[in-house]
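**Student:** With the sequences and hints as input, model every part of the structure.
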Amino acid sequence: MTIVQATLKHLLRRRWKLPLAVFLCGVVLVGLHHAFDVDGIREVYSEAIRQDPASRSSEQVEAITTWGRIGPIRSTLDAALLIGPFLVGLLMPGGVVANERRSGAIMLWAQHPMSLTQFYMHRYVGIQIANLGGQALIGVSYLLYLTLPPDTATSMERLPESCLHGLLGCAISFAVSALGIRRASFLVFAYYVASSMTNSPNLRDALTAVSDVLPFLIFPTRMINDSMMGFGATGLVLYHFLLWTAVAWLGLRKLERRPLKI
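Residue 2 in this note's numbering sits at position 2 of the sequence shown, with consecutive numbering throughout.
Among the hints, a few may not be true.
Simulated restraints on C-beta separations [stated by the list, open to error]:
id : residue 1 : residue 2 : range
1  : A6        : S46       : 50 to 58 Å
2  : I49       : P215      : 34 to 42 Å
3  : A136      : G31       : 14 to 22 Å
4  : A246      : V61       : 56 to 64 Å
5  : E157      : V193      : 18 to 26 Å
Bear in mind the hints are in silico, worked out from the structure with no lab data behind them.
We put the beta carbon where it would ideally sit given N, CA and C, even for glycine.
**Tutor:** In structure tokens, the structure reads:
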């Protein structure tokens with residue numbers, strides 16, 4: 001069994017629960033839209049709460065009651081589908097390099113015929129394949145979403161983009177771990193949130209001076225959202241993926257010279 005196959009087998013056995021949970025959120029959301037006219041109920045609800053309670057029709061009263069039941073469920077599912085694929089990619093590496101360096105297990109792999117850099121890059125390939133499988137499982141729920149009416153508005157419209165976030169999140173998480181930094185997932189999540197905040201108009205205006213280089217430094221949330229609209233955006237997303245893969249390689253090269261932290 002190759003290193004890639006062993007890594008893939010291990011991850012499929014240990015990391016299947018989160019992708020399955022996100023997939024089920026998508027299935028439930030599609031089922032919710034099939035069971036209720038969610039957009040219609042929300043529209044009636046929004047109109048009803050702006051009116052005087054005494055002047056509300058029976059339909060509006062019913063919409064308020066129904067939305068009170070399904071609204072929180074829909075919001076929770078929306079949030080899960082927005083961040084879930086990224087969390088799957090973020091947690092897939094599990095801080096593998098930094099944790100094994102701290103525990104000393106890295107010295108076992110140092111006795112392998114191939115170099116530590118090659119060894120962990122092979123494992124990284126297995127990690128990304130497992131991550132891709134998890135994202136593909138989540139993506140199946142997007143196919144169910146396509147059975148809904150074309151004018152149905154739901155966060156599942158952005159699910160393919162969220163899965164791209166997950167693929168890139170995995171690359172960044174592994175790269176940070178390869179630098180020997182523990183708890184890489186927390187740092188990468190903070191980086192993701194901070195990058196997303198730059199989409200705020202006020203903060204964007206404050207960062208005008210570095211606006212030309214900023215897209216090459218932050219998590220490319222906007223570029224991923226635009227990736228279906230042009231080759232330039234797609235190229236920038238690919239740049240980030242290759243950049244963090246190169247960071248991982250350089251980090252591993254450094255660790256190879258000094259596997260244990262003395």
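**Student:** Hint by hint, note whether the structure agrees.
**Tutor:** Status of the hints after comparison with the structure:
Separation of A6 from S46 is about 53 Å and conforms to the stated range, judged on CB atoms against 50 to 58 Å. A C-beta distance of roughly 40 Å is found between I49 and P215, which places it inside the suggested range of 34 to 42 Å. In this structure, A136 and G31 meet the distance hint of 14 to 22 Å, their C-beta atoms being roughly 21 Å apart. Here the CB-CB span from A246 to V61 is close to 60 Å, well matched to the stated 56 to 64 Å.
Taking 18 to 26 Å as the suggested C-beta distance range, the pair E157 and V193 conforms, at roughly 22 Å.
Of the numbered hints stated above, none is contradicted by the structure.
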